[in-house]
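S.K.: Okay, here's what each chain looks like letter by letter:
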Amino acid sequence: MNATNRVLNRALILIAGLLLAGVAALAIRPAWADQGLDAAREVRRRMDGIRISGLESLSLSAIVACAIAVLAVIALVWFVFAHGGGRISTVRRSPRRLGEVSVDRSVAEEVLARPLRERPDVIAAHLSSFRVKGSRTIRVTVRPRRGADLATIIHAFENAVAEWDALAGEQDPVVLHLAEARLRDSWSSEARVS
Amino acid sequence: MNEQVYRRVLRRETHRPRTVAAIIVAVALIALAAAGAWLAVDRAARRGAVAGIDALSDPRIATAVGIVAGVLALVLILYALLPGRIRRRALSRDRLALLIDDRVVANGVADAVARACDVPRTRVSALVERRRVTVRVTPTSGVPTDEAMVRTAAEAALANARIPLAVAVRVNEKGAIA
Amino acid sequence: MNAADPRHGRTIVTARALNRVALALAADAADIEARAATVSLADRAGALAATLTLPASIGRGETFAEQGERIQNVFIARMADVAGRRVESVDVRFAGTRTEKRRRVR
Chain Z
1 MNATNRVLNR ALILIAGLLL AGVAALAIRP AWADQGLDAA REVRRRMDGI
51 RISGLESLSL SAIVACAIAV LAVIALVWFV FAHGGGRIST VRRSPRRLGE
101 VSVDRSVAEE VLARPLRERP DVIAAHLSSF RVKGSRTIRV TVRPRRGADL
151 ATIIHAFENA VAEWDALAGE QDPVVLHLAE ARLRDSWSSE ARVS
Chain C
1001 MNEQVYRRVL RRETHRPRTV AAIIVAVALI ALAAAGAWLA VDRAARRGAV
1051 AGIDALSDPR IATAVGIVAG VLALVLILYA LLPGRIRRRA LSRDRLALLI
1101 DDRVVANGVA DAVARACDVP RTRVSALVER RRVTVRVTPT SGVPTDEAMV
1151 RTAAEAALAN ARIPLAVAVR VNEKGAIA
Chain H
2001 MNAADPRHGR TIVTARALNR VALALAADAA DIEARAATVS LADRAGALAA
2051 TLTLPASIGR GETFAEQGER IQNVFIARMA DVAGRRVESV DVRFAGTRTE
2101 KRRRVR
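Protein chains in written order, with our numbering: chain Z, 1 to 194; chain C, 1001 to 1178; chain H, 2001 to 2106.
Any given hint could be a false lead.
[As the list claims (entries may be wrong)] Among chain Z residues calculated to face chain H with C-beta under 10 Å, some are: (1) L20; (2) A82; (3) R92; (4) L98; (5) D104; (6) V107; (7) E110; (8) V111; (9) E163; (10) A166; (11) A168; (12) E170.
[To be verified] Coverage of chain H stretches by chain Z, computed from C-beta distances (three or more under 8 Å per stretch; other residues unrestricted): (13) 2072 to 2086; (14) 2089 to 2099.
[Said to hold, decoys possible] Partial list, derived from the structure: chain Z residues whose beta carbon lies under 10 Å from chain H: (15) H83; (16) T90; (17) S94; (18) R96; (19) R97; (20) G99; (21) E100; (22) V101; (23) V103; (24) E109; (25) K133; (26) L167; (27) Q171; (28) P173.
The hints are simulated quantities; they were obtained by calculation from the structure and are not laboratory data.
Ideal Cβ positions, reconstructed from N, Cα and C, are used throughout, including at glycine.
Please put together the full structure from these sequences, using the hints given.
M.R.: Structure follows, in structure tokens:
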């Protein structure tokens, strides 16, 4: 889910809303509808007369309408499948003289997420990374237990990040998300002694 | 830390993406476009469609359709334009960005108040809003509630995690016997 | 190995064998066991390009880039010495971690 997708999502919903508003307006005020339909009929009548050689059975209006519809369908199908991207498995990439040195998210998991996951005051911790504005951001989502001291968890994470910074040689954008426990977590089979 | 990146990230994490609705709309529009293409090509289908539209000339049906479409249009437009904030807050620390679900803050504050004021946790509740958390305590009958203590406990919990929120305390008029 | 080679006999190295050799060398370069590494060799416009996937070494005070470069250098040198192949590029991918332990007494 990147920023462009989000804007497009809202834009599409807005367009649909405006189209429906148009339909509503036409239904309630047929006078506008008649005017619009008359104009549309006039255009269609003119285009009906034009035929493209080789496609005699279809009027130009039909072809244009079809073409628009097909383009719309292609754009919309792309839109549907364009979602779901954004998660990447490589958290760092450094091109070097002899080749690229890259780091997989599993390393970040070990350094950033595992120390938190193993804490008794944490129910679950998981890591994901995504690109925002050209930079790769690492996000660790932690579900603290009820009664956990948030400051301690934050501090522990800051230590883990310091270790990551030492390994990375620079400061990558990192986000810590303290999230509420989900229903799913009570089904986790880990036995905890706290 | 790159300020711009953090601002983008935190904005992303605190607002809903509207994906589901967008996909539904996209599928509906695909169906519509496909129908449109079919109508453009198939003369017989077009005749059928025109006959259907004639039914709309009945003012009652037209008005009904108009109202339904209008309401749905309004819902969609609002959905697209409203920010859709998630109940989470974004804070920044020196090195990293912090996101905390409001529920986590509420639980933390309520737990701290229950502990400090020796009130059963079930009688303490906390409601977190944009800039303020309201702590509500149901007192034990016959035991006066120290509002100052409640406030101090709540503020301490917030200060400990460095969460900037104002505290409001409400003590329920009706207490619990036991 | 070509006709001008003063040594006698011909050595034909299959792709699979070369891969095995590269794997052993990569593991050696990273100071890990062979089963913890993955190597893939490819031809890139006549030159040999390698991709190594290995666990990152934690706690050694080296950054990812430093470890990567060290491994790249050692791998290229060893491939030239042992397998007689010139490797033009080595992509190092760190997956998983290992904490530094002295395995051998040098």
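S.K.: Work down the list of hints and note, for each, if the structure agrees.
M.R.: Taking the hints in turn, this is what the structure says about them:
no.: 1; hint: L20; verdict: 50 Å, violated
no.: 2; hint: A82; verdict: 27 Å, violated
no.: 3; hint: R92; verdict: 6 Å, holds
no.: 4; hint: L98; verdict: 4 Å, holds
no.: 5; hint: D104; verdict: 4 Å, holds
no.: 6; hint: V107; verdict: 5 Å, holds
no.: 7; hint: E110; verdict: 4 Å, holds
no.: 8; hint: V111; verdict: 7 Å, holds
no.: 9; hint: E163; verdict: 8 Å, holds
no.: 10; hint: A166; verdict: 7 Å, holds
no.: 11; hint: A168; verdict: 6 Å, holds
no.: 12; hint: E170; verdict: 9 Å, holds
no.: 13; hint: 2072 to 2086; verdict: holds (count 3)
no.: 14; hint: 2089 to 2099; verdict: holds (count 9)
no.: 15; hint: H83; verdict: 27 Å, violated
no.: 16; hint: T90; verdict: 8 Å, holds
no.: 17; hint: S94; verdict: 5 Å, holds
no.: 18; hint: R96; verdict: 6 Å, holds
no.: 19; hint: R97; verdict: 8 Å, holds
no.: 20; hint: G99; verdict: 4 Å, holds
no.: 21; hint: E100; verdict: 5 Å, holds
no.: 22; hint: V101; verdict: 3 Å, holds
no.: 23; hint: V103; verdict: 5 Å, holds
no.: 24; hint: E109; verdict: 9 Å, holds
no.: 25; hint: K133; verdict: 22 Å, violated
no.: 26; hint: L167; verdict: 6 Å, holds
no.: 27; hint: Q171; verdict: 12 Å, violated
no.: 28; hint: P173; verdict: 17 Å, violated
Hints 1, 2, 15, 25, 27 and 28 from the list above are not met by this structure, while the remaining hints are.
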